[in-house]
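*Asks:* Please model the complete structure; the sequences and the hints are all you need to start from.
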Amino acid sequence: MMRYWTDGPTRVSINHICQAANVSKPGLYREFGSDDGLKDAVLDLYREAVLVPFYDILTSDEGFTQQIEALIAFTIQDRRPLGIPNGCLQVAMRAHKEDLGEITRNKIDLMRRETLSIYETWIERGKARGEFKADISTKAAALFCDAQNGGAMRMQREGVSNEDIGQTMKLAFTALV
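Using the numbering used here, you'd call the opening residue of the sequence shown number 6 and step up by one each time.
Please note that the accuracy of each hint is not assured.
List of simulated lysine-lysine pairs, DSSO-like, C-alpha gap at most 27 Å [said to hold, decoys possible]:
# : residue 1 : residue 2
1 : 30        : 132
2 : 102       : 132
3 : 138       : 102
4 : 144       : 175
5 : 132       : 144
6 : 175       : 132
Derived CB-CB ranges, DEER-like [what the hints assert, rightly or not]:
#  : residue 1 : residue 2 : range
7  : 24        : 58        : 27 to 35 Å
8  : 54        : 121       : 15 to 23 Å
9  : 163       : 86        : 17 to 25 Å
10 : 11        : 166       : 15 to 23 Å
11 : 83        : 125       : 24 to 32 Å
It is worth saying that the hints were derived from the structure and are not from the lab. Glycine included, every Cβ here is placed at the ideal spot set by N, Cα and C.
*Replies:* Set out below in structure tokens:
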């Protein structure tokens, strides 16, 4: 997972994965079937390790403003102590979707739909509580939030400071409340 996250989903060869994991190519293919199957499994692992905690923030009982603050804190946390790279593997995979296999593309689409659905539920709950502008389309707001997160992840990869990313996200989210 880390190789794809660090180097990008189209820049890591099966040979490199086999060397790094000290496994044979036939062993890797027995386990995953193909490079496409490996990337599918990597996305499952990434979902559990990174996206589920992100989703947990959106589905918590906290107020909308507190959830936004928690999302920003999660996004801009110092990743070095955690041993994880900057950016988002899901965002990187989406950016290179057309260069990936069918299984991986389908998983990327499934994860995107899941993320947007969770955003939509979060937004509807915020509207019901009067914490979110009722006149904004839920679908448009979900796409907006997803775009803001994707932009923040790209800025991280580009070396923009976490402070600047946090301020940018705060600015973006003020449009919603």
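*Asks:* Indicate, hint by hint, whether the structure satisfies it.
*Replies:* Against the structure, the hints:
A hinted pair counts as satisfied when its Cα atoms are at most 27 Å apart, and residue 30 with residue 132 does not qualify at roughly 52 Å. The hinted pair formed by residue 102 and residue 132 fails the criterion: a straight-line CA distance of about 33 Å is larger than 27 Å. About 33 Å separates the Cα atoms of residue 138 and residue 102, which puts this hinted pair outside 27 Å; it is violated. A threshold of 27 Å between alpha carbons decides the hint, and for residue 144 with residue 175 the separation of about 20 Å falls inside it, so the pair holds.
Straight-line distance between C-alpha atoms of residue 132 and residue 144 comes to about 13 Å, which keeps the hinted pair within the 27 Å bound. About 19 Å separates the Cα atoms of residue 175 and residue 132, which keeps this hinted pair within 27 Å; it holds. The hint said 27 to 35 Å for the Cβ distance between residue 24 and residue 58, and at roughly 31 Å that hint holds. The hint said 15 to 23 Å for the Cβ distance between residue 54 and residue 121, and at roughly 20 Å that hint holds.
At roughly 21 Å, the beta carbons of residue 163 and residue 86 sit within the given window of 17 to 25 Å. Judged by the Cβ atoms, the range 15 to 23 Å given for residue 11 and residue 166 holds: they are separated by roughly 20 Å. With their beta carbons about 30 Å apart, residue 83 and residue 125 fall inside the hinted range of 24 to 32 Å.
Hint violations for this structure: numbers 1, 2, 3, all remaining hints satisfied.
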